[in-house]
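Chemist: Residue-level listing of the chains:
There are 2 protein chains.
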Amino acid sequence: MAKDLKSFARASSVAPCLRVALENWLEAQPRLQKISDDLNAGRMPSAEKVTDEKIFHSVLPRTWLFADGSAFIHHIKLVRQARKAALPETLLTVPLMYQAESGRFLAPTDDIPQRDFSHGTDFEAEVGVIVDHVPMGVTAEQALQHIKLIVLINDVSLRGLIPEELAQGFGFFQSKPNKALSPVALTIDELGEAWQNGRVHLPLDVRYNGQFFGKANAKEMHFHFGQLIAHAAKTRDLAAGSLIGSGTVANEDPTAGSSCLAEKRMLEQIELGSPQTPFMRENETIEIEMKNKNGESLFGRIFQKVVKYN
Amino acid sequence: MAKDLKSFARASSVAPCLRVALENWLEAQPRLQKISDDLNAGRMPSAEKVTDEKIFHSVLPRTWLFADGSAFIHHIKLVRQARKAALPETLLTVPLMYQAESGRFLAPTDDIPQRDFSHGTDFEAEVGVIVDHVPMGVTAEQALQHIKLIVLINDVSLRGLIPEELAQGFGFFQSKPNKALSPVALTIDELGEAWQNGRVHLPLDVRYNGQFFGKANAKEMHFHFGQLIAHAAKTRDLAAGSLIGSGTVANEDPTAGSSCLAEKRMLEQIELGSPQTPFMRENETIEIEMKNKNGESLFGRIFQKVVKYN
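Here the protein sequences come in this chain order: A and B. If you're matching positions, the first sequence starts at -2 in the numbering used here and goes up one per residue. If you're matching positions, the second sequence starts at -2 in the numbering used here and goes up one per residue.
Please note that a few of the clues may not be correct.
Taking CB as the label site, the calculated pair distances span [what the hints assert, rightly or not]:
no., chain 1, residue 1, chain 2, residue 2, range
1, B, Pro13, A, Ser271, 55 to 65 Å
2, B, Asn206, A, Met133, 20 to 30 Å
3, A, Gln139, B, Lys302, 37 to 47 Å
4, B, Leu23, A, Ser4, 33 to 43 Å
5, A, Lys302, B, Pro160, 41 to 51 Å
Chain A regions said to be covered by chain B (calculated; three or more residues, Cβ under 8 Å) [said to hold, decoys possible]:
no., stretch
6, 1 to 13
7, 59 to 72
8, 76 to 89
9, 186 to 194
10, 207 to 218
11, 269 to 275
12, 283 to 294
In silico DSSO-like links for lysine-lysine, alpha-carbon gap of 30 Å or less [to be verified]:
no., chain 1, residue 1, chain 2, residue 2
13, A, Lys231, A, Lys0
14, A, Lys302, A, Lys290
15, A, Lys3, A, Lys288
16, B, Lys3, A, Lys231
17, B, Lys145, B, Lys46
18, B, Lys216, A, Lys74
19, B, Lys51, B, Lys74
20, A, Lys290, A, Lys46
21, B, Lys231, A, Lys261
22, A, Lys231, B, Lys74
23, B, Lys74, A, Lys81
24, A, Lys31, A, Lys288
25, A, Lys305, B, Lys290
26, A, Lys81, B, Lys81
27, B, Lys305, A, Lys81
28, B, Lys0, B, Lys261
29, A, Lys231, B, Lys305
30, A, Lys231, A, Lys216
31, B, Lys51, B, Lys290
32, A, Lys231, B, Lys261
33, B, Lys231, A, Lys74
34, B, Lys305, B, Lys31
In short, the hints are calculated from the structure, not lab data. Positions of the beta carbon are idealized from the N, C-alpha and C atoms, including for glycine.
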C-alpha cells in the first residue's frame, strides 16, 4: 500500500502471503521494500488505485499465535473494578497475557457477527507488533529486535461471558471471539520518531457510531513491546508471524476518552452510580485509526458493524 | 502409515501437509483412504519401511487452534486439591477449556527442552480430535460429525509456574509450553467399536522412565468430544485442522495409575502427608501409547526425554 493509502501493488512475486514472507524475512524484506519504494515514487506501472477499502483483508488473515498483553495499567484498574475483581499482586512487575484466537481474523471492514446480544459485545482498540522467529528465553532488549511490523487490532470482547469464564480459572475463551487487524502494517522505520522505547507514541482514534470515543496515546504502555514478547517467549519459541498485542490503549487523562465500552461504563458507574452506555447493539459501528502528526492515516482503518448472526 | 506401523507411503500428491488436506477434506479423504488401503494390502510399490521412528513428526507439526478441554473430573479434583484451589461451581455443566500453544508441536520423539528445572516439568497424557471447519454455534451432536481424526497428545506442563499464572486471572501461558502429538492419527472408522458416544473406549498407556505409570481408560470423559467442540465453537468458527484436547486422562480406579505427575503427587500427599515423586529431572523419559484389544499400538508412540535447554 502506498503511504497515502490511495494505491497498492501486489507482492505475490515475493511470497504468497505476509506470514510466509515473515518466515523468510531476511530475503523477503528488501524485495517488499523495493515494491513499496517504487509504489511511493510512482515507478510502479502495475499499481492499482484503491477504490474500495473492502477489498483489503487484515494484514494477517490468520497466524500461529496472538499473545495479547494488557500493558495499560489504567485499563486493568478500571475493568477489574467493573467486575469487582482484585488487582493482581504482580500488576506492575509481570504482564498480564492471554492466548487469543488467531486462526481467522475478520477483515478490517467485516461485520462482527453476534449470536446473542446478551453476551455484551464490546470493542477493544489496541496496537500490536508482528515478530519474526523469537527464540525461547530472549531478553526484553533482544526481543525488540524481533519486531518487524506494527498493526492496529480490534480485540472484540463479549463482556457478558467474561465473569463466569474467568471464575472457572482457565482464562478467556468464548468471551474473546474473532478479532480484526488493520489493512496496513508499518515497519518501525516508517513510524520514525513515533516509535520510542518499544512503544508507539501516537494517539489511537476511536469513533463509536461515527462520534468521538477516544484518542488515548499508545505511549502510556507500562510494559513495552520487548517486555511483552520476552514474557511470551519465556518457555517457548514464538513462530515467525506471531502477533503480540498491547491490550486496550488507555490513558489516565480523562479527556483522552476510552478505547472500549467497559471503561466508559466503569467511569459512569463511579460518577453516576451505574453504567449508562449499553454494549454494542445491532448495526452499531466501531472505527479505529491512527494518524501521524500531519493527520495522515497510517494503518488504514478498522471499521466494523455489529450484525445479528444467523 | 500401515496399520502395523511397519511401513508408510508419502501422500504429497494429495496435499502438502495434513492441515491443508483437512481444509479440503471431502476431496482429500478418499484419496488418502486409497493410499492407506493400498499400503495395508501390500499394493503400494513405493511403500517405505519404518526403520527409525524419529523420522516422523507430530501428525500436525502446527495448526491454527489447540483448544484443550479438561473433561476428566477426577483429574480436575486432584490438581485443584493439590494447589488448594476451589472447584468451579460449573464443574459438571460447563467444560474447562484453555487455548494452548499450537504454532509448533514438538515431534513425538523430540526432547522436551527445559530452561529451569524449578519450573516443575510434568507430562499430561491426553486424547485429542482434529476437526474440519466447524461453524459457530453447532450443537454437541452436530459437532461429532466434524471429528475427522483422533490423536494422542503430551500436554507438557510447568507446574511451578501455574499457581502464580492462574492467580493473575488470565489462565495459562508460560506454564503450558510446546506439546507433542502422536505420529499417527486415526479416523473414527479405524477405531471401530472403541469409539462410542464421542469418546475413545481404550486405556492410555503411560510409562515413566520405562516403568508403568498409568493405564487410565479414556472412556471416563465426563464431557464427550462433541460437547467440547460445541463449547469451543460457541462464539466463533473453528478453522479446519483445529485440535480439541480431552485434558489429562484420569480414572477413579486407583489401579489405573495416573497420566501426569501432579496427580500422583496429590495422591501421595493425601496418603503420606506430602508429595514423594519429584517433577521430571534431566534425562527422564515419558512414553505415551494406546493399544487396541489385540495389544497392537494404534497411534505409534510419543516418547520424549527432558533435557537442559541452552
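Chemist: Now, for every hint given, state plainly whether the structure supports it.
Modeler: Verification of the hints:
Hint check: proline 13 of chain B to serine 271 of chain A, Cβ distance near 56 Å, so the stated range 55 to 65 Å holds. The beta-carbon spacing between asparagine 206 of chain B and methionine 133 of chain A, approximately 25 Å, falls within the hinted interval of 20 to 30 Å. A hinted range of 37 to 47 Å for the beta carbons of glutamine 139 of chain A and lysine 302 of chain B is inconsistent with their spacing of about 28 Å. The supplied range of 33 to 43 Å is met by leucine 23 of chain B and serine 4 of chain A, whose beta-carbon atoms lie about 39 Å from each other.
Between lysine 302 of chain A and proline 160 of chain B the Cβ separation comes to about 42 Å, which falls inside the hinted range of 41 to 51 Å. Interface restraint, the stretch 1 to 13 of chain A with chain B: violated (0 residues with C-beta to C-beta distance below 8 Å; minimum three). Counting residues of the stretch 59 to 72 of chain A whose beta-carbon sits less than 8 Å from any beta-carbon of chain B gives 5, enough to reach three: the coverage restraint holds. Check result for the stretch 76 to 89 of chain A against chain B: holds, 4 residues qualifying (beta carbon to beta carbon below 8 Å, three or more required).
Restraint check on the stretch 186 to 194 of chain A versus chain B: 0 residues with Cβ-Cβ distances below 8 Å, three needed, restraint violated. Closer than 8 Å: that is the beta-carbon criterion, and the stretch 207 to 218 of chain A has 0 residues meeting it against chain B, so the requirement of 3 is violated. Remark: the stretch 269 to 275 of chain A is not confirmed as covered by chain B, as 0 of its residues place a Cβ nearer than 8 Å to a Cβ of that chain, below the required three. Note: the stretch 283 to 294 of chain A has 0 residues with beta-carbon separation from chain B under 8 Å; the three-residue rule is not met and the coverage is violated.
Proximity of lysine 231 of chain A to lysine 0 of chain A is assessed by CA-CA distance (about 36 Å); at most 30 Å being required, the pair is judged violated. With a C-alpha separation of about 28 Å, the suggested pairing of lysine 302 of chain A with lysine 290 of chain A holds against the 30 Å cut-off. Note on lysine 3 of chain A and lysine 288 of chain A: the hinted pairing holds, with a Cα-Cα distance of about 15 Å set against a maximum of 30 Å. With a C-alpha separation of about 39 Å, the suggested pairing of lysine 3 of chain B with lysine 231 of chain A is violated against the 30 Å cut-off.
With a C-alpha separation of about 26 Å, the suggested pairing of lysine 145 of chain B with lysine 46 of chain B holds against the 30 Å cut-off. The suggested pairing of lysine 216 of chain B with lysine 74 of chain A is violated, with an alpha-carbon distance near 44 Å, which exceeds 30 Å. For the hint linking lysine 51 of chain B to lysine 74 of chain B, the alpha-carbon distance of about 36 Å lies beyond 30 Å, and the restraint is violated. The straight-line distance between the Cα atoms of lysine 290 of chain A and lysine 46 of chain A is roughly 25 Å, inside the 30 Å bound, and the hint therefore holds.
Restraint check for lysine 231 of chain B and lysine 261 of chain A: satisfied, since their Cα atoms lie roughly 27 Å apart, inside the 30 Å limit. A distance of roughly 29 Å separates the Cα atoms of lysine 231 of chain A and lysine 74 of chain B; the hinted pair therefore holds under the 30 Å criterion. Pair hint lysine 74 of chain B plus lysine 81 of chain A holds up; C-alpha atoms about 27 Å apart against a cutoff of 30 Å. Under the criterion of a C-alpha separation no larger than 30 Å, the hint pairing lysine 31 of chain A with lysine 288 of chain A is consistent with the structure, at around 24 Å.
With a C-alpha separation of about 49 Å, the suggested pair lysine 305 of chain A and lysine 290 of chain B falls outside the 30 Å cut-off, and the hint is violated. At roughly 22 Å between alpha-carbon atoms, lysine 81 of chain A and lysine 81 of chain B fall within 30 Å of each other, so this suggested pair holds. For a cut-off of 30 Å, the pair hint linking lysine 305 of chain B to lysine 81 of chain A is broken: about 42 Å separates their Cα positions. For a cut-off of 30 Å, the pair hint linking lysine 0 of chain B to lysine 261 of chain B is broken: about 33 Å separates their Cα positions.
Proposed proximity of lysine 231 of chain A and lysine 305 of chain B is supported: the alpha carbons are some 15 Å apart, at most 30 Å. For the hint pairing lysine 231 of chain A with lysine 216 of chain A, the CA-to-CA distance comes to about 24 Å; that is within 30 Å, so the pair holds. Taking the CA atoms of lysine 51 of chain B and lysine 290 of chain B, the gap is about 26 Å. The hint holds against a cut of 30 Å. Under the criterion of a C-alpha separation no larger than 30 Å, the hint pairing lysine 231 of chain A with lysine 261 of chain B is consistent with the structure, at around 27 Å.
Between the alpha carbons of lysine 231 of chain B and lysine 74 of chain A the distance comes to roughly 29 Å, so the proposed pair stays at or under 30 Å and holds. For the hint pairing lysine 305 of chain B with lysine 31 of chain B, the CA-to-CA distance comes to about 43 Å; that exceeds 30 Å, so the pair is violated.
Hint compliance for this structure: hints 3, 6, 9, 10, 11, 12, 13, 16, 18, 19, 25, 27, 28, 34 are broken, all remaining hints hold.
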